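These protein sequence lines are chains D and A, in that order.
Position in the first sequence (first residue = 1) + 8 = the numbering used here.
Position in the second sequence (first residue = 1) + 202 = the numbering used here.
The set of hints was computed from the structure by calculation and includes no laboratory data.
Because the structure is a prediction, the values reported are computed rather than measured.
C-beta atoms are modelled at their ideal positions from N, C-alpha and C, and glycine is treated no differently.
One or more hints might be untrue.
Just a few of them, taken from the derived set where beta-carbon distance is under 10 Å, the chain A residues facing chain D [as the list claims (entries may be wrong)]:
1) 225
2) 256
3) 257
4) 284
5) 307
6) 313
7) 371
8) 379
9) 393
10) 399
11) 401
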Amino acid sequence: MMPEPDPMLDDAAAAPSTLFDKIWRRHLVTEPAEAGIPSTLYVDLHLLHEVTSPQAFAELERRGLEVRCPGRAVATMDHSTPTLPGVGRSGLRVIDPRGADQLDRLETNCTRHGIPLFALGDERQGIVHVIGPELGLTQPGMTIVCGDSHTSTHGAFGALAFGIGSSEVTHVLATQCLLQQRPRTLEVHVEGSLQKGATAKDLILSIIGQTGIDGGAGHVIEYTGQAIRDLDMEGRMTVCNMSIEAGARAGLIAPDETTFAYLDGRSYAPQAWEEAIDSWRALHTDPGAVFDRRIVLDASAIEPMITWGTNPGMSMPVSGTVPLASSFDPKSLPTVEKAWDYMAVQPGEALLGRAVDVVFVGSCTNSRLSDLEAAARLLQGRQVAAGVEMLVVPGSQAVRRQAEERGLHEVFLAAGAQWREAGCSMCLAMNGDRLAPGQLAVSTTNRNFEGRQGAGGRTILASPLTAAASAVAGHVADPREML
Amino acid sequence: MSEKTVMAPRFQSLRSRVVPLLIDDVDTDQIIPADYLKVIGREGLADGLFAEWRRDPECVLHREVFRGARVLLAGENFGCGSSREHAPWALLDYGFRAVLSPSFADIFRINALRNGLLTVAIERPLQRQLVELVEQDPESEIAIDLETSTLTLPDGVKIRFDIDPFARRCLLEGIDQLGYLLRQDSQIAEYESHHPPWTDTRQPEVEAS
Chain D
9 MMPEPDPMLD DAAAAPSTLF DKIWRRHLVT EPAEAGIPST LYVDLHLLHE VTSPQAFAEL
69 ERRGLEVRCP GRAVATMDHS TPTLPGVGRS GLRVIDPRGA DQLDRLETNC TRHGIPLFAL
129 GDERQGIVHV IGPELGLTQP GMTIVCGDSH TSTHGAFGAL AFGIGSSEVT HVLATQCLLQ
189 QRPRTLEVHV EGSLQKGATA KDLILSIIGQ TGIDGGAGHV IEYTGQAIRD LDMEGRMTVC
249 NMSIEAGARA GLIAPDETTF AYLDGRSYAP QAWEEAIDSW RALHTDPGAV FDRRIVLDAS
309 AIEPMITWGT NPGMSMPVSG TVPLASSFDP KSLPTVEKAW DYMAVQPGEA LLGRAVDVVF
369 VGSCTNSRLS DLEAAARLLQ GRQVAAGVEM LVVPGSQAVR RQAEERGLHE VFLAAGAQWR
429 EAGCSMCLAM NGDRLAPGQL AVSTTNRNFE GRQGAGGRTI LASPLTAAAS AVAGHVADPR
489 EML
Chain A
203 MSEKTVMAPR FQSLRSRVVP LLIDDVDTDQ IIPADYLKVI GREGLADGLF AEWRRDPECV
263 LHREVFRGAR VLLAGENFGC GSSREHAPWA LLDYGFRAVL SPSFADIFRI NALRNGLLTV
323 AIERPLQRQL VELVEQDPES EIAIDLETST LTLPDGVKIR FDIDPFARRC LLEGIDQLGY
383 LLRQDSQIAE YESHHPPWTD TRQPEVEAS
């Protein structure tokens, strides 16, 4: 079966549309009957994990409702899963009964409702935003939701993908639809080419530094320009993943040959492949289409980036200094001072050379094969500095297998890093992998919020290259000096 | 639009003291840290509310004068970060029924309104005025009325606020949003008949080429 041609997409005479417009229109079940009433938007793919779904299933059952489309849903276990080799679910039952209860509940719910589940132990298990793309479930033009704010990751394929709350998870389970107010559009246009040592992570940290962490609120971002085109799919996922850190629920990149080549041959890629590609080629912003807002950046000016504060907008080049009070709006100073205090940094101070306790490579932002390859390239023939604990946590079992086929795990182990099982791990510290109070981590994750990686822990966000360079140096380091 | 059940959250009006928490960009990891997400229900989450900040005996939430207050006066971009609906559940379980802020993060606002936690967007000058009011007299009470979408200050001055008109109507009339969607069943089925999926997640996988 293949979808019918959509006149909205194929009519060349139609007014110029953004990529967002095209996907939005195609998924409208009902137009708002009157101003202020939300649209009913159809959801193509619903991803589920153990933390935000139990209350949603409970509500479904309380009302005696069935799952409308189990064939449009997939579940995995990722947030609470142990990453120490050999622990598994039986071990989790011992060390964290409440985490184990969540996994059990997810399994019960999925079995009862006929939803495919990639449970701990399944070779397809992994972080929900890693497995969707790598299995080919994530496809251009789709609407994709999950009770998880980093669902924006899937926008890298030209899918409208966003995080929802557990009440909305119930809505999608029961009706395959959501009530949605139409967002505005923001184009982030990145010209030029990234310099050596600067990666997709540095690019998105630079973008957030420019927009601020609420600059994308109420908007869907579309990333355009040569620097975006030049990214591989994993780099595009890193960029779209952190759209939510700019306040935007979703980020989009128009699909192109890079996208199609990535999806070709994936397990769940459409069998009607040629027809699928033909329809996906219409998924781009037309010349002359207008965004509500637009910002432009030059990729060639971007250096490896780190954060100095307690949100992803508090960033600077790795060689920079913590911004002075005079660079902030006075009304922001209480917030900024709280961040300086929590991070134990001084305005005007360089962080290069600051001693690091933990280096974490992982998370839905940076745990894919290319991220691990980047970290391994830095670690090859080098050692993690004494006193630094380095964890490498692949995003999925598939990434783990691919890394081991390439011998990356041997590079990590030889360097003195730990090689773990797949999961969210220390990104949000729900599974026992966590910072001790006062520890400083350089982390490839997405959030440096207070206590995010463990109560009292401090986080510097960075790319896998910068993280690995810091592990070797034992302090915050510039990866360009080791490439 | 007439779906009404007893389950749907409602909001009409309230009068309360105001707890000032004026840090900008308060993320949902602060509102409820991840350790408190290891639950399968939504009840009893008040213990997790601002759990780390409440370890500080000076935390504003410990002030006796604010015990039982139902309005939180917050900084900009309140509720950014994670989509966890545990954040509004925890605020409600603690006793809050409304949050006033110059701006809210999108997912938090949607989650809050769906649960009957009113998010009231206020201008910066009003935020400052409320701070001064609370500093001068922490026992000051304000009134919030959703029907008229107004805040009333202790001196009787009324200020209108904007709110998503659909959320307002649902809260005033007790409309159940899932019920509202379920009643669109025939339109959803009609849509599905024209938009079959490329992929069924339950299909046995095709061997990767």
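Right, here's what the structure says about each hint:
no., hint, verdict
1, 225, "holds (5 Å)"
2, 256, "violated (12 Å)"
3, 257, "holds (9 Å)"
4, 284, "holds (5 Å)"
5, 307, "holds (6 Å)"
6, 313, "holds (4 Å)"
7, 371, "holds (8 Å)"
8, 379, "holds (6 Å)"
9, 393, "holds (5 Å)"
10, 399, "holds (6 Å)"
11, 401, "holds (5 Å)"
Comparing the model with each earlier hint shows a violation of hint 2 alone; every other hint is respected.
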